[in-house]
Amino acid sequence: MGCLRRHNLNSYIDKYNLQYYFETGTGQAEALEHAIQYPFKKCYTVDIDEEMVEFSYNKLKNKSGCDIEFLVGKSIDILEEYVPQIPKESPSLFFLDAHFPGADFHKCTYEESIREHKEDAFPLEEEVNVIIKNRDTSNDVFIIDDLVLYEKDAKVDCINEGVVWEYDWLQDELNLQTSSKFLYKNFEKTHDFKKDFRDQGYLIITPKSK
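Going by my numbering, the first residue of the sequence shown is number 1, and it counts up by one from there.
Because the hints were derived from the structure by calculation, they are not lab data. If you're wondering where the values come from, they're calculated on a predicted model, not measured in any experiment. Backbone N, C-alpha and C fix where the C-beta goes; we use that ideal spot for every residue, glycine too. Errors might be hidden in some of the hints.
In silico lysine to aspartate or glutamate, DMTMM-like type, Cα no more than 25 Å apart, as pairs [unchecked claim]:
no.: 1; residue 1: K155; residue 2: D136
no.: 2; residue 1: K63; residue 2: E89
no.: 3; residue 1: K133; residue 2: E69
no.: 4; residue 1: K185; residue 2: D120
no.: 5; residue 1: K59; residue 2: E89
no.: 6; residue 1: K152; residue 2: D136
no.: 7; residue 1: K15; residue 2: D153
no.: 8; residue 1: K189; residue 2: E89
no.: 9; residue 1: K63; residue 2: E80
no.: 10; residue 1: K208; residue 2: E166
no.: 11; residue 1: K74; residue 2: E161
no.: 12; residue 1: K133; residue 2: E81
no.: 13; residue 1: K74; residue 2: D14
no.: 14; residue 1: K133; residue 2: E166
no.: 15; residue 1: K61; residue 2: E116
no.: 16; residue 1: K118; residue 2: D153
no.: 17; residue 1: K195; residue 2: D104
no.: 18; residue 1: K181; residue 2: D168
no.: 19; residue 1: K194; residue 2: E30
no.: 20; residue 1: K189; residue 2: D157
no.: 21; residue 1: K74; residue 2: D49
no.: 22; residue 1: K181; residue 2: D77
no.: 23; residue 1: K74; residue 2: E50
no.: 24; residue 1: K152; residue 2: E166
no.: 25; residue 1: K208; residue 2: D172
no.: 26; residue 1: K195; residue 2: E125
no.: 27; residue 1: K133; residue 2: D104
no.: 28; residue 1: K181; residue 2: D153
Now the in silico label distances, taken between C-beta atoms and shown as ranges [stated by the list, open to error]:
no.: 29; residue 1: E111; residue 2: V72; range: 29 to 35 Å
no.: 30; residue 1: L176; residue 2: E30; range: 32 to 38 Å
no.: 31; residue 1: L176; residue 2: S90; range: 18 to 24 Å
Using the sequences and the accompanying hints, generate a full structural model.
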């Protein structure tokens, strides 16, 4: 679980004319609370945990003049339905952070979350595939959270602080291995890549200069 507050979104909004925000993994609305401070036309947030979405709605309902769509369900299903509703001519920011339902908020262990949700505990690749299928992403910006899950040798801060990922064995057991190769394959022709090693690491994917 990363922290969108680490990122000054104005630098992306101004440079790429970003107009919409879509996040996967609502959690307790920390990222969304940051995003709504910026001049997006509309923000979308989705979580598989209905309690998290309800909590976040109640937290923010009186704090924002921003148009927010609070959505409950699997991220890939919600993206399939709602990404086509974003105007095709409107560049958007996608913050993708939908990992391990329940575990980050101590509703279950990480092992329990992974065993129960399997592929839905690591939905990033399918999320990206759904977004690409439903819109031209060449003008969109992506902030990918938890880089260390996809690049195990990344020198992210959490490793330097002694916090390491302990479930490689479970990923192997359930055939849920993860890699960032699909991100580079999908975006290398249209986007540039920057790694941010704070927290669990971020991969920031921005449109190439034209």
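**Prompt:** Checked against the structure, which of the hints given earlier come out wrong?
**Reply:** 1, 2, 5, 6, 7, 9, 10, 11, 13, 14, 15, 20, 25, 27, 29, 30, 31
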